[in-house]
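Engineer: Protein sequences appear in the order of chains W and D. For the first sequence, the numbering used here assigns the number 133 to the initial residue and increments by one for each residue that follows. For the second sequence, the numbering used here assigns the number 133 to the initial residue and increments by one for each residue that follows.
Keep in mind that the hints were calculated from the coordinates and are not lab data. Remember, it's a predicted structure, so these values are computed and weren't measured experimentally. Be aware that one or more of the hints could be misleading.
Pairs count within a copy or across copies, as identical chains cannot be separated in the list.
Restricting the straight-line Cα-Cα distance to at most 25 Å, the calculated cross-link-like pairs of lysine-lysine (DSS-like) are [stated by the list, open to error]:
1) K174 x K194
2) K174 x K390
3) K390 x K136
4) K174 x K192
5) K136 x K450
6) K390 x K450
7) K351 x K457
Number of protein chains: 2
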Amino acid sequence: MSIKIGIFGYGNLGRGVESAIAQNDDMELVAVFTRRPPESLKLRTPGVPVMSVNSVAEMKDKIDVMIICGGSATDLPVQTPAIASMFNCIDSFDTHARIPEHFARVDSAAKEGNKVALISCGWDPGMFSVMRLYSEAILPEGSTYTFWGKGVSQGHSDAIRRIDGVLDAKQYTIPVESALDAVRSGAAPELTTRQKHLRECFVVAADGADRARIENEIKTMPNYFADYDTTVHFISAEELLRDHSGIPHGGFVIRSGKSGFERENTHVMEFSLKLDSNPEYTSSVIVASARAVARLSADGACGAKSILDIPPSYLSPKSPAELRKELL
Amino acid sequence: MSIKIGIFGYGNLGRGVESAIAQNDDMELVAVFTRRPPESLKLRTPGVPVMSVNSVAEMKDKIDVMIICGGSATDLPVQTPAIASMFNCIDSFDTHARIPEHFARVDSAAKEGNKVALISCGWDPGMFSVMRLYSEAILPEGSTYTFWGKGVSQGHSDAIRRIDGVLDAKQYTIPVESALDAVRSGAAPELTTRQKHLRECFVVAADGADRARIENEIKTMPNYFADYDTTVHFISAEELLRDHSGIPHGGFVIRSGKSGFERENTHVMEFSLKLDSNPEYTSSVIVASARAVARLSADGACGAKSILDIPPSYLSPKSPAELRKELL
Chain W
133 MSIKIGIFGY GNLGRGVESA IAQNDDMELV AVFTRRPPES LKLRTPGVPV
183 MSVNSVAEMK DKIDVMIICG GSATDLPVQT PAIASMFNCI DSFDTHARIP
233 EHFARVDSAA KEGNKVALIS CGWDPGMFSV MRLYSEAILP EGSTYTFWGK
283 GVSQGHSDAI RRIDGVLDAK QYTIPVESAL DAVRSGAAPE LTTRQKHLRE
333 CFVVAADGAD RARIENEIKT MPNYFADYDT TVHFISAEEL LRDHSGIPHG
383 GFVIRSGKSG FERENTHVME FSLKLDSNPE YTSSVIVASA RAVARLSADG
433 ACGAKSILDI PPSYLSPKSP AELRKELL
Chain D
133 MSIKIGIFGY GNLGRGVESA IAQNDDMELV AVFTRRPPES LKLRTPGVPV
183 MSVNSVAEMK DKIDVMIICG GSATDLPVQT PAIASMFNCI DSFDTHARIP
233 EHFARVDSAA KEGNKVALIS CGWDPGMFSV MRLYSEAILP EGSTYTFWGK
283 GVSQGHSDAI RRIDGVLDAK QYTIPVESAL DAVRSGAAPE LTTRQKHLRE
333 CFVVAADGAD RARIENEIKT MPNYFADYDT TVHFISAEEL LRDHSGIPHG
383 GFVIRSGKSG FERENTHVME FSLKLDSNPE YTSSVIVASA RAVARLSADG
433 ACGAKSILDI PPSYLSPKSP AELRKELL
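So here's chain W without its partners, still in its complex pose (with noise of 0.2 Å):
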């Protein structure tokens, strides 16, 4: 029997959940959720209805996992707590100074539905954050390191955006290869946020507009810029449209720790991604956690849970014998 999936939100993330689902056997799209005009969305699976976010509670016994797929900013705050004591539901809320109230609220909300909600899944947080874990855990005495990209930032893209004079930009954070070479080394060095990462910047300007005020209004922002070093590029709309459309991104986690009597022994386990579509990648760690979730809600587990709980096995469809045999 499939597990059946609605979507709650039908952005980039929401469409690389659906693309996701047709990738696993196991799953089934049975319905999406959308703030716009049901009548104005067009999906890519055949039969699929689209729903106002509104008559969701009508499909309150015919969803087995709800993924919801609003913004970190004002959605999920509201949007997971109110899913989920309907639903079973995964949520990919990232701004992580706000995790733990986050958590909270979800897991009070999950508790009185008797439902599991599975909060900030995706990669980082997610994938990174299990690898910091197991990292810290099995090296107690060490430094755990974690660089982003190069990727493109949306908020930081945004930020050049509102410049007065600017058309568009895109952004990409890079991390500094001789920074990731002295952490690889293991020698646990310190690391500014200058010495950790590069921004750069290709921007389209308005005709007629200064580009030098433009640069240095970038180059000198505060939090978003200011701390790094920068360059600046001015190319046409063309230019954009043709050699900056993707959403790539990725990054690295790396700890280095010692072992030994006399702590002689140095050990460095690294984890990376690569990544051609960071809402698609995101929405593939969703989805395989949504069997997770699922099989969590049927062990009789309910409340709010980060990746951090999960016992990989759940993630995967295979079997515990299955997986033994063929992964262990």
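Given chain W's structure and the hints, the job is docking chain D onto it.
Structural biologist: Okay, now just chain D, sitting in the frame of chain W:
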């Protein structure tokens, strides 16, 4: 209250476990069991008794988790079921093809004793298995590659030592850099045994031994070397001791997979280890996992488990709330 650990067998792995316990404040080494005369062993940890393996039953109520440090060929198939009937325990059984039968035997013994027994813990099987599982579950359409090295293979070194005229030898397994690059590109190449790994051998020959014959016997040895590009270096006993005394190892698990409605996007997940000491890193994984075994037992679980069945959070001394705040 600390977790009380016993070590069953005191070779390289047992010593590694002893040093790893000293890095974990919530653990305490309670006793070491040996087949040798107990008075012949000198531990590094003060005040810990060395006992005969024959008196292990006496400690039944004084040890929370027994870490079994025997070899996979003949020790563990006998030791782990025997210990699992009396103690929560962990082994590092690494004969991949025989894992299902080992699991079945340990499972029935552990269930009889109402104990938890974690088998095949370490890095491969172990952390590499976890990564193979996660990456296959997340990217169901793709290819997984495991590379080992650069590192010392004990089995291959032993095979060389059995050749007539060889006094001592050390063999390194080395992943082929161009194969790693091809896999990382996302091209999903088909690779033969020869294309994936090189074998490099450092051999101390007896005075007057026929080096050409020794080199030929190594390079044509079925299973061990015949399918690989192998290089042989003859060196002195002093050089072997000076340059090749370590037990480094490591390796790579890489999966590339596709996403998108047209499978138009490629993603590469890579996990790698670079280890100064193979037994000490293996021990570090085992000791973190001992914490998980103690928790599973406290939860009321029993029977055989693998690391694939264990929530990552169970390996950490931190609480779920701390983990969410600091690592998620």
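Engineer: Pop the pair K351 and K457 into one bin, within, between, both or neither, using alpha-carbon distances up to 25 Å.
Structural biologist: neither (54 Å within a copy, 31 Å between copies)
Engineer: With identical chains treated as interchangeable, where does the CA-CA distance between K390 and K450 reach 25 Å or less: within a copy, between copies, both, or neither?
Structural biologist: between (36 Å within a copy, 20 Å between copies)
Engineer: Given a CA cutoff of 25 Å, do K174 and K390 count as a within-copy pair, a between-copy pair, both, or neither?
Structural biologist: Between. Shortest inter-copy distance 23 Å satisfies the 25 Å Cα cut-off; intra-copy 54 Å does not.
Engineer: Can you give me the call for K136 and K450, within, between, both or neither, at a CA distance of at most 25 Å?
Structural biologist: within (18 Å within a copy, 35 Å between copies)
Engineer: Quick one: K174 to K194, C-alpha cut-off 25 Å, is that within a copy, between copies, both, or neither?
Structural biologist: within (22 Å within a copy, 65 Å between copies)
Engineer: For K390 vs K136, is the C-alpha pair at or below 25 Å within one copy, between two copies, both, or neither?
Structural biologist: between (46 Å within a copy, 23 Å between copies)
Engineer: Regarding K174 and K192, is the shortest C-alpha distance of 25 Å or less found within a copy, between copies, in both, or in neither?
Structural biologist: within (23 Å within a copy, 65 Å between copies)
Violated hints amount to a single one, hint 7; each of the other numbered hints is respected by the structure.
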